[in-house]
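Q: Produce the complete structure using the sequences and hints provided.
Here's the letter readout for the chains.
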Amino acid sequence: MTTEPPVLLLREHFDTLLEALARRGYKVVGPTVSEGTIVYDEVSRAEDLPVGWTDEQEGGRYRLKRRDDAALFGYAVGAQSWKQYLHPPRLRLVKADRDASGRMSFSDGDDAEPERYAFLGVRSCELHAMTIQDRVFLGSGVADTHYERRRKRVFSIGVSCGVAGGTCFCVSMGTGPQVTDRTPHDLALTEVIEEERHYFILTAGSDEGREVLAGLPVTPAGETEVSAAKQRVDQTAATMGRRMNAEGVRELLLENLEHPRWDDVAQRCLTCANCTLVCPTCFCTTVEDVADLTGDHAERWRRWDSCFTLDFTWMHGGSARQSGKSRYRQWLTHKLSTWHDQFGSSGCVGCGRCITWCPVGIDLTQEIAAFRDHPITPSPSQP
Amino acid sequence: MSTCFDDPDPEAPKAVSMLPEPYVVVSRNQETADTFTIALRPADGGVMRSFAPGQFNMLYAFGTGESAISISGSPEDGGVLVHTIRRVGAVTSALDRLAPGSVVGLRGPFGSPWPMQQVRGRDLVFVAGGIGLAPLRPAILQVFSHRADYGRIVILAGARSPADVIFHDELHSWMQEPDTEVQLTVDRADADWHHHVGVVTTLIPRARFDPANAVAMVCGPEIMMRFTAVEMARIGLPEARIFVTLERNMKCAVGLCGHCQFGPEFICRDGPVFRHDRIRHWFSHREV
Ligand SMILES: Cc1cc2nc3c(=O)[nH]c(=O)nc-3n(C[C@H](O)[C@H](O)[C@H](O)COP(=O)(O)OP(=O)(O)OC[C@H]3O[C@@H](n4cnc5c(N)ncnc54)[C@H](O)[C@@H]3O)c2cc1C
Ligand code: SF4
Ligand code: SF4
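Order-wise, the sequence lines are chains A and B. If you read the first sequence in our numbering, its first letter stands for residue 1, the second for the next number, and so on. If you read the second sequence in our numbering, its first letter stands for residue 1, the second for the next number, and so on.
Check before you lean on any hint, since a few could be wrong.
To be verified - No more than 20 Å apart at the CA atoms, straight line, and that leaves these computed lysine to aspartate or glutamate pairs for EDC-like:
(1) Lys325(A) / Glu287(B)
(2) Lys95(A) / Glu299(A)
(3) Lys95(A) / Asp44(B)
(4) Lys95(A) / Asp292(A)
As the list claims (entries may be wrong) - Have a look at the derived ranges for each label pair, beta carbon to beta carbon:
(5) Asp181(A) / Arg87(B): 52 to 60 Å
(6) Asp149(B) / Asn245(A): 50 to 58 Å
(7) Gly45(B) / Asp111(A): 18 to 26 Å
Please keep in mind that the hints were generated in silico from the structure rather than gathered at the bench. A virtual CB, placed ideally from N, CA and C, is assigned to each residue, including glycine.
A: The following block contains the structure:
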């Protein structure tokens, strides 16, 4: 935890934080309400946030509803994650030109200066997801320079959750709900609403965070206020919508690659790819090549892809993963098993998005429970 | 099972960029009806990349796309990068249309190489199915230019029909090399074919080499590699001395696009050459 004493910012002063960030040249993005869901968008005042809203989340179900207070952060995560800013859904990778003599030249297609974003309201699970993507894109060989350029400009304001979503299981994954120094962040806040007062307990996680705090009308937080904040987060931890026994799950899946449960889940799965698009750690992409009418200017675009598509493993002669079963198996074993081998942690942070946004409500916590309840003993492998 | 073999040499040169560099086609040779070989050199005085046998490049056909193509030439021929390509779809067809003097984009080299340093003094068995001979060719050429460093050389190559045999003349010239055995087989023979008929794995028990000391390098369709490993085990060549290459759709070649995952491995980065025992667990399952 941060060593400096936490400070208190009253709700009526919350806009000073947004103003301070804007003055520093950041474009502040955070949760907003749009078309019945919570989406990330530009926010310039506290009123732009989903004031007084909360969400109901279940397998295949999401609904916003009114709270009986005016909380700014009284809901869990929506379908989007911050990866859309750091790892854009579409990106021009390469520009290629050819002159009359046939000479070819190539230049970086991602040549615009990336926006400097301040991410407001990053949940602990999301900070963990960003740390995981840091390892994917920057920590395992060749660096993704597009990600790197965007990531290092971000100012992040974490929020420790005051309510657990119906599909959340960050406690099981060790990724929340309290924002801690295990994940880099610039500021962290916890919202407290009492009968008389509405305030935020803030801590700085970086030098720049400290500078920002120093310019705000904050007061030292008292012990009762700090413990009021802690009690709300503890309450969230105690009311997680889901749980998953993550211990040994890497081995569990490795040993059950031919388990009949894969057939069972394959019967339900539509291979629609929703789960991979909403997952804050999924990173796969494909490329598209286009040429203009003259044929002398071409571009190579990268866009998000999903291991649920048949094309994903297309090779001359057919796809390596023909069946929906093999594609669901790839996704789940990657998230929970082989991710450990590749990047030294689980690929799941327990945000619950894949459960909520699965049109048929497939729930990985239930799938894992099913493997645990009826494991098959590994058979000696055959050629 | 104790062994002196490491995974493929991690020190092979590897490119890091997503930006291709322009290369000029200096020559083109038609191998079979659908397969051709092109030699490339850097355009505009660019720097020639060195590579190790088994590595591949991403070749970009202007406006059409990129394909992973193994380097099929000798690593000691510093002048050109040679690629042997089978026309199967959009990109490979565009590459097929390139006449000498045309320009392509190239990124590379990528991937793990054959374990050439570690196999000195050993008998070497090369098993190739179809175009699988192309990625093995740099290793074979390296062996023949340092013939004394290696034991007996066995090359077992299979193709669908006599007309599909690539490097036909070269295979025959390798038959003349000392202490070397080259066996060819096809699935469907014609009247002029005087080699074997049948799948390439049937050649393994007939070939003369010492399983106690030999190293096998295998490249071909997955099913052929599975059965090769079985045959090798049957004659007593342990898995840790069998190296195979895996092939998957790949878009970035630097472990970031996710397409080429095979269990925990990124084939572009951790492969394509793998020691068989390292991937056996996943190799034994379908649709990985
Ligand atoms: C490490 C490695 C080395 C290779 N070496 C050679 C070689 O030396 N010679 C050769 O002829 N071929 C080689 N291949 C296969 C070659 O990459 C494909 O045949 C080629 O990409 C097909 O592209 P296409 O656009 O012509 O075909 P399409 O079928 O139109 O391909 C569409 C897309 O699918 C993907 N794709 C299709 N088939 C394959 C495949 N077999 N492997 C990977 N991706 C595929 C590509 O991304 C391609 O852009 C290699 C593949 C890998 C992974
Ligand atoms: S797998 Fe599901 S619960 Fe886990 S991080 Fe991804 S979307 Fe969230
Ligand atoms: S698990 Fe659900 S969200 Fe994921 S592909 Fe299958 S149906 Fe779609």
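Q: Hint by hint, which ones does the structure fall short of?
A: Hints that this structure does not satisfy do not exist here, as all of them hold.
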